[in-house]
Structures are given as structure tokens and as C-alpha cells.
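Enquirer: Next come the chains, spelled out residue by residue.
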Amino acid sequence: MTKKVSLINMKGGVGKSTIAVNLAWQFARRKEGEHNQVLLVDLDPQFNASQYLIGVHRYEEILSKNIPTIWDVFEQLTHAPGKGTPKPLDPKSVLYNAVKYSSGGRIDLIPSRLELAYSMRNPGQKENLLAQLILKVEDAYDLIIFDCAPTESVLTTAAYLASNFLLVPVKPEYLSTIGLPLLVRSMNEFKAGPYGNSSLELLGVFFNHTMNYSPEEVKSKEEVKQMAKNYGWHVFDSEVSYSRSYPKGAREGQPIFRTSYARTEQAMKFRKFADEFAKRIGL
Amino acid sequence: MTEKPELDLLIDLAKLLKKYGADSFKDLAKLLSSQTITQELPQILTKIAQIAGTIPEKKQKKGKESSSYAIPKVLISIEDSNPEKYKLLKEFYDELIAKAVLPTLKDIKEFLQESGFPDIHADSRQKAIIPLVSFLVKSSNKEIMDKIQSISKYKSGNRSLEGWGNIILNGKD
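Going down the list, the protein sequences come from chains A and B. In terms of numbering that gives the first Met the number 0, the first sequence opens at residue 0 and continues consecutively. In terms of numbering that gives the first Met the number 0, the second sequence opens at residue 0 and continues consecutively.
It is worth saying that the hints were derived from the structure and are not from the lab. Misleading hints may appear alongside valid ones.
[What the hints assert, rightly or not] Calculated from the model, a selection of chain A residues having no Cβ within reach of chain B, i.e. all distances over 12 Å: (1) G14; (2) I61; (3) K91; (4) K99; (5) M186; (6) E251.
[What the hints assert, rightly or not] Not the full set, but computed from the structure, chain A residues with beta-carbon under 8 Å of chain B: (7) E33; (8) H34; (9) Q36; (10) V55; (11) Y58; (12) Y173; (13) R250; (14) G252.
All figures in this text were calculated on a predicted structure; none of them were measured in a lab. Glycine included, every Cβ here is placed at the ideal spot set by N, Cα and C.
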């Protein structure tokens, strides 16, 4: 069964896109038959995950060839003058192959674009469109990762409807940690609303961008762990520590395990986190 | 080569004595004397080798081509006659297939132009890969290495702020 995971936090800058892309790569590089079919859905109008994964030329190709993006998913049924009855989008047309290994492992991407932000100004009845599209293509994948925007909007509801799990990166610093209760409230309100029968589950919270020495970091971790204990949320044992290799990897378009400075320690740490994540979702 | 592979292994280890010194061997012997480690040694070594990247991917069998991946004939033709060149170009070919280098048709065409190769009339990246490898096969190993090393600037395509700025501010380049 396909595992569908939203990487989400109501605070920006906690590393959602970087982690989403690196997790996708980590699974895609697996051997044949080892759950290496990955779809990454960029749900953020800032489209950082798309930028990291495919770079300028391939993104230009998407625009110049009018390859559908996540914007088209949400706008597929919008009426436009002189266009007649809108036709539903062909689900396969929106899957852009970004990475393909000789083992058969792959990452397909549903890229995002800036115009998604404008689309959300008119959000009426769009929240189900993503989940409907995903249902039509999910059998081809072992893992679907949604990289979410850090604000509450119809995009958040769309992510909740399309996912089984929420994975929450938390940067261990004061303002970042407050994004966690905001997110859980958002999820609870969603489950209390018209979609209350959703199977959505909080997979867990993990610390990203850790350095392990500042008092602020130690205090923030303690507070998050205590809150998680009180509310019964899982906190991952493994952490993703701060490394200059992550921004370098984004600049080079490389995963952490191929970034020139990070072949060993950082790559091992990320692998450990990815293994714990895989175990939690059963892949 | 002896008839016993374990003796070959011992001989190979003996060759490393000069490199690492007798003390390192003593320390390793002490470490390996643990019963648990002895039982798990092959698995431990395999894991370490995988992490260190010293185990090459399984060699594709000649003639048995999967639907999604096949070694081009132009490479197979040099596998026995020039194994070094084969290894160089096979690794490069794998990276091309994985889109780890020259990820767009535009990147391949720019690379060909800067490398002094003739232009190719391919309308997709996929169709440009074999002609590119075919051009490289005709070069010397040194030239191939130089060209592959020069590829770093194309490695993952254009990722500049200027490039993204054009897309965001002007719609496209």
C-alpha cells in the first residue's frame, strides 16, 4: 500500500523542502523491489522542492512545453471565457520524471509554480482535487511525499485529504517550536470538520537543523519533548543536524549522500533518520 | 592465485602489512577475536564496503537488456578490448541515465559544442545520449577524463539565482 506523507509545519524555514527532496532521493536510490518508486508533490507556491530537484533548465522546459503543474491540478475545473466546459486533467500528464536510476528507482515530481499563490485567492471547492488525482496514480508509487507551504490555506486541507501521515520537522528554537502546536490544532480542526473520517495520523516530530550545544536548542528540545509526551505525539530518536552540505546540495542539485563535503558523517546521519522514517511508515 | 580463496585473501592481507604496520594488524586481530564479530564478519564487511562505496554495482549481463536500462552497443564493443575506457564511459553513461549529469537536452548540446563535437539532431535528451557516448568512445582515455571533469559546471544544469530570477520575474528565460 502506498504511503502518503505530508511534510508540514506552520513555521517557515524549518527545512521541509530540503528534507522532502532528500527523503525522496534516499528511497529512490534503493535497489529494485525495495520500495524505490517515489512521487514528490510540491505544494508550496515558493516551489523550493522543484528548484532543488530539477534546476533552471528543466523547470524552463516544464513552462515552455506547458507541462502541467500543481497549479493545473487545482485549476483544472475552473471556467474560463470561451473555453467551454473544463476538461479534467489527465492524471499522468502532471507527473514529471525528475530522477531515474538504473535499478529502476525513480522520483517523479508534480512541480509547483508561483501562480499557485494567486490560485489560492479563489479557493472554492478545490481542496479535494489533489486527493482525487493522487488516488488515480498512487498505485505506481511506494511513497508519495507532499512538501507543504507553511501557512494554513486550502493547500493545507488538500494535503490532509491526500495524505495518510503528517511528518513535522521542528527546528529547535523558540519561535519554530510554536509552529508545532499551531500545526496540531490545524490537524485537529480538520479532523473535527466535514472530513472527520480521515485516516490522517501524526507520524511524528523530528528535530532538524540541530547543533547540540546551545542552551536555546537544549531548552527547545526539552519543551517539545514534554509537549509531545503530554499529547502522545511520537518524537523521532534520530535528528538531522545542521550542515553546510544541505544548502550546498541544493545549489548543486545533489542529495546529501552525494554532496562533496558530506559523503560520510552527514550522509550517515540522514540515512539513520530516513531508516527510522521508513520503519515508522512500514517501508 | 591458489585453489583456496581464503589463502588468496590471506596473501592480500599480507600485502597490506607494509601499508598499515604490524600494530594495526594486532589491534584488528584483537577486535576480530570477539565471537559475535567473527560470526557477523561477512555482513559487517559488506555493510562497511557499501557505505565506503567500494562495492561496484552488479555488472549488467551482456545481451540481457532490461526494458528500462540497457548498455549501449557502442560501449559493449569496447568492454574487452579497452576495459579502462569501458569503465570510464559506463560510469558516465549511468550518471546520464540517472540525470545526475547534463540533465537537459540543452545541457548536452552545450557540452557537445564546448567539447568540439559536431551538433546532433536529437529532439529529446534520451535520443541524444547514445550519440554523445559514441563521440566520447572515439576519444582517448585522457581526453574522456578531461571532458568528464569539465562537466562539473553542467553537472546539475543551471541553478543560478539569475536563472531563477528570469523565471520568477519574467515568466521564462
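Enquirer: With reference to the structure, classify each hint as holding or not holding.
Expert: Quick rundown of the hints versus the structure:
With a cut of 12 Å on Cβ distances, G14 (chain A) stays outside the contact zone with chain B, its closest approach being about 19 Å. Its closest Cβ contact with chain B, about 10 Å, brings I61 (chain A) to no more than 12 Å, contrary to its assignment away from the interface. Against chain B, the non-interface label of K91 (chain A) holds: every CB pair exceeds 12 Å, the least being about 17 Å. Non-interface call for K99 (chain A) relative to chain B: violated, since the shortest CB-CB distance, roughly 6 Å, does not exceed 12 Å.
In this structure M186 (chain A) is separated from chain B by more than 12 Å, as the shortest Cβ-Cβ distance comes to about 31 Å. Interface exclusion of E251 (chain A) from chain B breaks down, the closest Cβ pair being 6 Å apart, not more than 12 Å. At a threshold of 8 Å, the smallest CB-CB gap from E33 (chain A) to chain B is about 13 Å, leaving the interface hint violated. About 17 Å separates the beta-carbon of H34 (chain A) from the nearest beta-carbon of chain B, more than 8 Å, and the hint is not met.
Below 8 Å, beta-carbon pairs count as interface contacts, and Q36 (chain A) has none with chain B, the closest being about 12 Å; its hint is therefore violated. Here the hint on V55 (chain A) is kept, as its CB sits about 3 Å from the closest CB of chain B, short of 8 Å. Hint status for Y58 (chain A) relative to chain B: holds, with the closest Cβ pair at about 6 Å, below 8 Å. The closest approach between the C-beta of Y173 (chain A) and any C-beta of chain B is roughly 30 Å, which is over the 8 Å cut-off, so the hint fails.
Taking 8 Å as the C-beta contact cut-off toward chain B, the hint placing R250 (chain A) at the interface holds, the least distance being around 6 Å. Look at G252 (chain A): its Cβ gets to within about 3 Å of chain B, closer than 8 Å, so that hint holds up.
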